[in-house]
Every structure is written in C-alpha cells, then in structure tokens.
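Visitor: Whenever a hint applies, use it, and build me the whole structure from the sequences.
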Amino acid sequence: MTAGTLMPYDEALERFEPVLGLETHVELGTRSKMFCGCKTTFGAPPNTQVCPTCLALPGALPVANAMAIESTIRIGLALNCSIAEWCRFARKNYFYPDMPKNYQISQYDEPLCFDGYLDVEVNGETVRIGIERVHLEEDTGKSTHVGGATGRIHGADHSIVDYNRAGIPLVEIVTKPIPGTDRLAPDVARAYVTELREIMRSLGVSDVRMEEGSLRCDVNVSLMPRGASEWGTRTETKNVNSLRSVERAVRSEIERQAAVLADGGTIVQETRHFHEDTGTTTSGRSKEEAQDYRYFPEPDLVPIAPDPAWVAELKAALPELPSVRRKRLQAEWGLSDLDMQAMHNADAFDLVEATVAAGAPAADARKWWMGELARRANETGVPLAELAITPAQVARVTELVASGALNDKLAREVLEGVLGGEGSPDEVVEARGLQIVNDEGELSAIIDKVLADNADAADKVRAGKIAAAGALVGGVMRASKGKADAARARQLILEKLGVSE
Amino acid sequence: MSLIRKTAAQLGSMIAAGEVSAVEVAEAHLDRMAEVEPKVQAFLHVDREVTLEQARAVDARLRAGEKLGPLAGVPIAHKDIFTTRDMPTTAASKILEGWRPPYDATVTARLREAGLVILGKTNLDEFAMGSSTENSAYHVTRNPWDLTRVPGGSSGGSSAAVAAYEAPLSTGTDTGGSIRQPASVTGIVGMKPTYGGSSRYGLIAFASSLDTPGPFARNVLDAALLHEAFSGHDPMDSTSIDAPVPSVVEAARNPDIAGLRVGVVKEFSGEGYQTGVLARYHEAVKLLESLGATVVEVSCPSFTTALPAYYLIAPSECSSNLARFDAMRYGLRVGDDGSRSAEEVMALTRAAGFGPEVKRRIMLGTYALSSGYYDAYYGQAQKVRTVIAREFEAAYQQVDVLVSPTTPTTAFAIGERADDPMAMYLADLCTIPSNLAGNAAMSVPCGLADEDGLPVGLQIMAPVLADDRCYRVGAAIERALESRWGGSLLSQAPEL
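So the sequence lines, in the order shown, correspond to chains A and B. With the first letter of the first sequence counted as 1, position 27 gets the number 27 in the UniProt record's numbering; the numbers rise by one all the way through. With the first letter of the second sequence counted as 1, position 101 gets the number 101 in the UniProt record's numbering; the numbers rise by one all the way through.
For the record, the hints were derived by calculation from the structure and aren't laboratory data.
With a straight-line cut-off of 25 Å between C-alpha atoms, the simulated DSS-like cross-links for lysine-lysine are:
| # | chain 1 | residue 1 | chain 2 | residue 2 |
| --- | --- | --- | --- | --- |
| 1 | B | Lys359 | A | Lys92 |
| 2 | A | Lys481 | A | Lys449 |
| 3 | A | Lys409 | A | Lys367 |
| 4 | B | Lys383 | A | Lys92 |
This structure is a prediction, so every number in the text was calculated from the model and none was measured.
Guide: Written as structure tokens, this is what we have:
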C-alpha cells in the first residue's frame with residue numbers, strides 16, 4: 001500500500017473545501033478500572049492488574065465505576081453538553097484477541113452527554129466546534145505483535161496480550177462535522193485537540209498523555225469541490241499520536257484526497273493509518289468489509305439515571321475552564337495575543353502561571369520559558385513540562401537577574417546547571433561561582449592586568465580610537481569568566497586610559 | 001429413618017444439637033450417591049475427599065462455637081454452572097472441560113459461609129440451554145421416577161439428585177423455566193426467585209436479563225431456608241436488588257391463605273396439555289379455594305407470545321455471552337499447532353467445543369441482533385416483554401398470585417424430543433412469562449397424572465419481591481395434599 005500521489009496543499013484548497021470530524025478517546029485517571037476493582041497504574045508488569053471480570057472468566061460480572069460516570073458528566077458539562085436523564089451501556093460485539101469478552105461495553109444510541117460545543121481560537125478568531133456526543137466505554141487489552149517487520153499483526157510470528165489495560169475507563173468525544181474551516185483545517189484540528197486536552201487537565205480527569213495513549217485521536221476528513229453543497233466521502237485516520245500529527249494527518253489527507261478526486265477517482269470510506277515518519281496515511285481496513293457490531297443494551301448493567309440536582313451541583317463545581325482562564329491571565333499579565341498564542345501552542349501556560357505565582361514578573365517568566373527553556377526542550381525532545389526544573393526555580397533565576405546578581409548570560413548557565421541536576425539555582429551559582437563581579441577592587445585588578453597584556457590596544461584607545469575598547473572589555477569578560485559587569489568594565493577602562501566617549 | 005430421608009431443616013437441627021456430625025451426614029449422602037448414581041447420573045463431578053474435608057471444617061467451626069445458619073452441615077449439590085474454587089466448573093460443555101475456577105460464585109460462597117457442604121456439581125443442558133438435560137456434552141441424567149424418562153432441564157441433574165435422595169438440597173438456575181420444569185417432572189419443589197433477588201455473580205451466563213439462581217428441595221420449608229441463605233443484595237452484581245430478602249421462611253412456616261386472591265391464567269389450559277396434568281391442576285385450584293382462597297379466572301392474552309419473544313431475547317444475549325469462549329485464556333483449545341492464526345484456532349475450538357443446541361442459539365441470536373434485523377426481531381421481542389410485564393401488573397391489581405400448570409406434560413421419554421427443538425421448547429410455555437417479567441414463581445408437587453403415574457407440578461406466580469407469597473401458597477397446598485396422601489409425593493416414587 002503506497003501513500004499515492006499528493007496534490008500541493010495550496011492547489012488542493014483552491015479546488016476543494018474540507019469537512020473535518022474528530023473522535024477523541026481519553027483514558028480516565030480513575031484509580032480502579034471501569035467495571036472491576038483492578039488498579040490502573042501505567043507501566044505495571046503485564047497481566048498483574050487483572051481479575052475474573054476484566055479477564056472475562058466465566059460467570060464474572062461488571063459493576064460500573066461511579067467516579068468514571070461522574071468524570072464523564074463533568075467532561076460533558078465542560079463541553080456545554082446536555083446530560084442524559086436516563087441512558088444505558090451497550091455491547092459492541094466483535095472478536096479480537098485483546099478484548100477478553102469479545103464484546104466491548106460501550107454506549108450506542110444513548111450517550112451519557114450529547115449536543116454540546118467547544119470554542120477554539122485559531123489565528124485570533126473563534127471557531128465553534130459542535131460536540132455530537134460524549135460517552136463512556138472500556139479500553140481493550142494491548143497486543144504486541146512479535147516477529148514481523150512492521151510491528152503490525154500482518155506478518156507477525158505470534159502476538160502476546162497484556163490485559164492490564166483491559167477495562168480502563170475510556171471516554172469517547174465525537175464532534176459534529178466541521179465544515180467551513182477552509183485552509184485552516186489542520187490548525188483547527190490541532191487547536192481543538194489542544195483545547196480538549198487542557199480541559200481534561202483542568203478537570204483533573206485524565207493525565208492526557210498522547211505518547212502513552214491516554215489521549216488518542218481519530219481524524220475524519222472529506223473534501224467537496226468548491227461551491228458544492230454535498231459533502232464528500234470521508235476517511236477515518238487512526239494512530240494519530242501527537243498534536244503535530246493531528247495537524248499533519250489532516251493536511252496529508254487533504255492533499256491525498258484532492259489528488260484522487262482531481263484524477264477523476266473516488267474516495268473509499270475506510271480506516272487509514274497515519275505514519276509519523278512520512279507524515280502520510282495508508283489504507284487500513286475498508287468500512288465495507290467492516291463487521292456488524294450487533295449493538296444491544298448491556299443486560300449486566302442497570303441504566304444510568306443521574307439525578308438532575310446532582311448534575312447541577314457538578315456543573316456549579318466545575319473549575320475555571322482554560323479559555324476563561326487564559327483571558328483572565330492575559331489581562332493580568334498584560335501580554336499580547338501573539339505571546340499568549342505562542343504560549344498556548346507551546347503548552348507553557350501552567351508553567352508560566354506557576355512561575356508568576358512564585359514571584360516572577362509575567363514578562364520574565366514568559367521570556368525564560370518560551371526562550372531558553374523552550375529551546376532546550378526542543379533540543380532534547382522533552383515536553384516543556386517535563387524539563388528538570390520547577391517554576392519556583394525559574395522564578396528564583398528571574399529574581400537573581402532583577403537584583404543584578406546575574407546577567408542573562410550567567411542566568412542561562414544557571415538554568416543549564418539546574419537542568420543538569422546540579423541543584424537549585426542558588427546551589428548552581430555557588431558551586432559554579434557565577435556571581436557577577438561587583439567588587440570594584442577585584443574588577444580593577446583584572447582590568448589592570450588586561451591593559452598590561454594588551455598594550456597595543458590600550459595605546460589605540462589612548463590615541464582616541466575608542467572602538468578598540470571593545471576588545472579590552474572582551475578581554476576582561478574572558479578573564480572574569482563572564483562574571484564581570486561588561487558596562488561597568490568599559491567605564492573603568494576608559495577612566496583608567498583617561499578618555500571619555 | 002435414615003439420614004438421607006430427613007429434611008434439610010431436620011438435618012440442620014440435628015447437627016446443631018450435636019446429635020449427628022456434618023461428616024456423618026455427608027457420608028450418608030455420598031454412600032447413597034455411590035449406590036444410585038450409576039442409574040441416575042445426576043452428577044458431573046464428585047470428590048468425596050473434598051466434600052468430607054468441607055464437612056470436617058464445618059464440624060470444627062460448630063465445635064468452636066461459631067454461630068452458623070440453620071443449614072450448617074447440611075449437604076448440597078450445585079448445578080455445574082456456578083463457579084466453585086475447589087471443584088471444576090464446566091456448564092456441561094466440552095469447551096470448559098477440566099476448568100477450575102479461581103473464584104466462588106456469590107451463591108456458592110454464601111452457602112459455604114453458612115456451613116453447607118458441597119456434595120458435587122450436577123449435570124445440566126450445556127450452558128443451561130434445554131429442557132431435558134439431554135444437551136449435556138457429558139451424559140444423560142435419568143428421572144428417578146422412571147429411568148427411561150428425562151428429569152427436565154436445564155437443571156435436571158439438580159432435580160434428579162434431590163428426587164433420588166442423593167442430596168437434600170440443590171441449586172439451579174432458571175432462565176425460561178430451568179428450575180420449575182425439572183422440579184415439576186421429578187415431584188419436588190423448585191423456586192425461581194424475583195430476578196435480582198439472588199446474585200448472578202459466578203453464574204456462567206446464558207441470558208443475563210433472565211438468568212436467576214434458585215433452590216430445589218423436597219419440601220417448601222427447606223426451599224425457603226435455602227432461598228434465604230443465598231439471597232440478598234450483592235455489590236458484585238449490578239442487577240442485584242438492594243432490598244431486604246422477602247420473608248420466605250416465615251411464609252413457609254405460616255401457610256394461612258384465607259382471603260388470598262388467586263388468579264387462574266386462562267391461556268394456560270386446554271389443547272396441548274396432558275389430561276392428567278390438567279386434572280391434578282384443577283384439583284389443586286379447588287383445594288386452594290377450600291383453604292379459604294378466592295379464585296378468579298384472569299386472562300393474559302400476551303402470554304402466548306412469550307415463547308417466541310423468549311427465543312429471540314435469550315439467544316441474542318447468549319450469542320454475546322458465549323463469545324468469551326475463544327480458546328485464548330481458559331478452556332478447550334483446538335488446532336493450535338503453530339501454523340494457524342488466533343482467529344482460526346478460535347473458530348476450530350468453538351466448532352469442536354459447543355454442542356448443536358448451543359450453536360443453534362448462537363446463530364439465532366447473532367441473526368436477531370444483526371443490522372437490519374434488530375428492530376424486527378430483538379427490538380420487537382423487547383416490546384413484547386414490556387407488554388407481558390404490564391399484563392402481569394394488571395393481573396396483580398386483581399389477585400395476589402397467579403397459578404397454572406408448571407409444564408404442559410409430565411416427564412417425557414429420553415430421546416422423544418431430542419430431534420425436535422420446537423417440541424422441546426414447548427415444555428417452557430407456562431414458565432417463560434415470569435422470566436420475561438422478572439417475577440417470582442414456584443413449582444410445587446400436586447399429584448401424579450393418572451395415565452402415566454408421573455408427577456405434576458403447580459406453578460404459583462407472584463409479583464416482584466413478593467416471593468413470600470409463593471412460599472405461603474406452596475406450603476398451604478403442600479400441607480393439605482400431604483395430609484391427603486399421608487406423606488410426601490416423593491414417598492410414592494419407586495425404589496431405585
């Protein structure tokens with residue numbers, strides 16, 4: 001299966017209009033599984049967090065996790081959904097080795113939450129994305145295919161299954177079709193997933209780590225010729241495991257579908273797989289061959305009937321949502337839209353906010369997180385939040401700079417030391433001897449030595465070639481290992497040589 | 001009188017009083033089993049040493065002064081569809097041959113805790129699908145009244161064991177009549193509690209919305225004692241009702257039915273019913289009247305649609321419930337020689353491991369749930385179910401209990417209906433409506449049919465959580481009939 005030809009993005013958008021749809025799965029961070037009491041710790045040895053229920057032993061029964069239901073309702077409320085007054089779980093029947101019961105307990109035509117929306121900001125404009133439904137289901141086990149070249153089941157020698165993940169609560173959030181995004185479709189998709197992730201975090205319902213699979217996204221894309229009123233056939237792209245991939249998958253699918261349509265072809269309704277390495281999608285199984293899931297109401301579980309008064313309480317107790325918080329912080333910090341957008345994209349809000357809370361001026365906090373630290377994160381491929389430095393430590397560095405104890409160059413060295421595990425900022429300053437040289441006597445001695453060692457340059461300055469002083473300042477900085485205050489050194493050099501600017 | 005002829009209540013009192021030990025009682029029953037099992041074949045699994053070990057443990061608990069229930073030390077046989085951690089559990093299917101569960105069902109765990117001693121696991125129609133126990137993948141069980149006849153089903157091993165005096169008590173499950181019909185054709189008492197009144201945790205599922213664990217005994221009081229011992233809310237079963245257990249023992253001890261309103265279901269009579277069955281049934285109704293009950297005829301026209309609705313709902317649920325038997329984690333595995341995919345091994349295992357009736361129902365259910373057919377079959381059947389529940393409700397506005405024959409005929413001959421699924425399904429005609437509505441219902445012996453001398457059962461149906469009414473009426477008619485017969489109906493059974 002090759003990726004096929006692509007039409008350049010600009011040309012594709014001149015000829016076609018995209019319609020998007022996003023299905024997002026979020027693993028809830030409940031302590032126990034959806035239908036049994038097993039733990040949900042990530043990374044435990046295989047098949048150690050299992051019991052008769054999540055292994056589907058004969059006779060075992062599910063009991064719904066009340067906290068998972070509450071979390072799902074809170075997610076629905078945060079997404080402006082209506083909450084069902086009565087709904088049921090349903091069985092989705094299909095055989096797969098990593099699904100112990102060979103049916104998944106999910107929800108079918110009676111989702112817990114429905115008909116909401118989420119506003120996201122793209123290029124300074126608000127785009128309202130309709131939410132079709134939010135429902136609760138259980139995760140499957142995890143298959144590892146051994147012996148093949150691709151790690152996929154085809155060609156594998158054998159497969160091993162870990163049921164630790166089987167039965168972890170999973171919330172599925174499905175958007176309504178999103179027309180009208182035009183050339184911003186990839187950005188809208190990314191902004192939506194980013195916003196969703198922040199909402200999950202603010203609700204505290206999931207750790208939403210895309211790389212660990214606790215947030216997984218399927219991207220639906222269709223194209224229609226410009227001016228057409230009927231939407232095209234859509235594809236569903238799976239295996240989209242990062243925010244950047246969401247953006248790339250949409251873009252790639254637009255380029256691919258445009259090429260197929262322009263060539264007189266038709267789009268097949270199918271599942272496609274996204275490949276991180278090439279940024280393209282390839283065909284998976286076709287929906288026409290797809291199975292009939294034979295949904296029916298789950299007879300092992302009683303219906304869910306949330307008391308409207310309780311739902312109202314949950315709604316009243318929702319935390320400040322990320323978009324509201326961003327507007328408040330922008331006003332408090334006095335930062336530009338552009339700065340705010342950049343911080344949003346870099347996932348730096350919590351860090352900057354915590355740094356400000358620890359006493360740093362907002363502009364300084366933004367500068368360090370979005371500058372030096374973002375650069376380091378990029379270089380090492382670690383998310384910003386996982387750098388080995390705390391917002392309090394960054395705040396301390398800004399404080400040292402503000403007090404004149406450090407200059408920016410030294411501050412970067414302190415950050416490097418902290419990231420390198422050398423201790424707190426003060427410990428790094430102490431251990432590396434990074435205080436600015438404020439002692440006039442010490443500075444004067446260094447200058448005297450530099451002037452003696454660079455008699456030619458000193459003479460040039462005395463003769464009026466003040467530009468030559470730069471080399472002498474550089475010498476002082478080198479001699480002081482960067483700890484001298486360069487401006488003060490220049491002043492003293494000129495004084496000692498009896499010239500003025 | 002030998003220990004095996006005693007009632008469970010008597011045995012419990014004797015053990016509590018120290019007149020006899022649990023070990024002696026267990027040994028008496030194990031000896032009886034050794035004697036009659038070659039003829040009856042009620043059991044799939046017996047382990048004398050495990051049983052005696054349990055009995056010794058109960059004796060020790062009693063000696064230590066532990067306060068146990070009224071059935072402590074009394075032996076019991078469990079239908080082999082409840083998981084037991086010290087005995088294999090197969091649901092009479094080859095697909096689970098030799099499987100040893102790592103956990104106890106709630107029913108078995110509660111009875112173990114109450115000091116009952118497990119004699120063994122009894123035979124059944126594979127996965128409880130059938131009305132004769134002929135669908136067992138292992139062997140046929142025989143009716144102690146006539147060894148050429150079936151003991152009913154699906155809980156036929158449990159009914160035969162109690163009727164053959166191999167066990168004073170046994171457990172069963174009733175999905176469409178699987179306790180009441182076998183009780184009826186073996187001349188004993190069988191009760192289907194209110195759905196949700198007894199826990200399904202550890203009961204290997206056939207049809208989740210219908211499966212109900214219940215007791216078998218030789219008399220109404222024993223059944224009530226057993227019912228009370230394992231019933232009540234279970235947090236492990238979401239469909240379990242969080243309400244007090246109806247006072248069934250008290251009802252069985254106080255069988256006063258003066259002023260009780262009894263409804264005779266008009267639709268369950270006439271054509272298709274054996275003459276001798278109808279004769280005993282009509283006498284039983286008259287007897288209730290003579291005991292002070294008011295009898296009225298009640299029409300429930302939708303009850304005649306219960307059977308087809310049941311044969312869509314139960315197979316639909318079973319097609320999904322039995323999907324877990326896939327050779328991956330337990331049970332039979334066929335064809336895993338390193339050359340086949342997991343899907344091929346699953347298919348080969350299921351083809352070899354399931355019997356024909358199980359396959360028939362999986363196919364029926366898969367079809368009924370299929371896209372495009374769902375509304376016409378499963379959806380329609382659920383509507384019928386709602387209508388039936390409403391008819392019950394309307395009937396219970398007029399009367400306290402409803403009565404009917406338990407099953408249209410006495411025990412049929414082994415092999416007689418084996419090749420005719422429709423004829424087999426008719427055995428549950430009168431019992432299925434109570435399953436669809438989730439109501440309580442009991443079968444109690446009401447005599448022998450003149451033409452074949454085989455037992456006839458009276459079905460007593462009551463509203464949800466009014467299980468005590470079944471026991472009150474059952475005990476009243478039992479007392480009146482036994483004084484007429486001069487003993488239990490079972491005492492008229494031929495010696496084995």
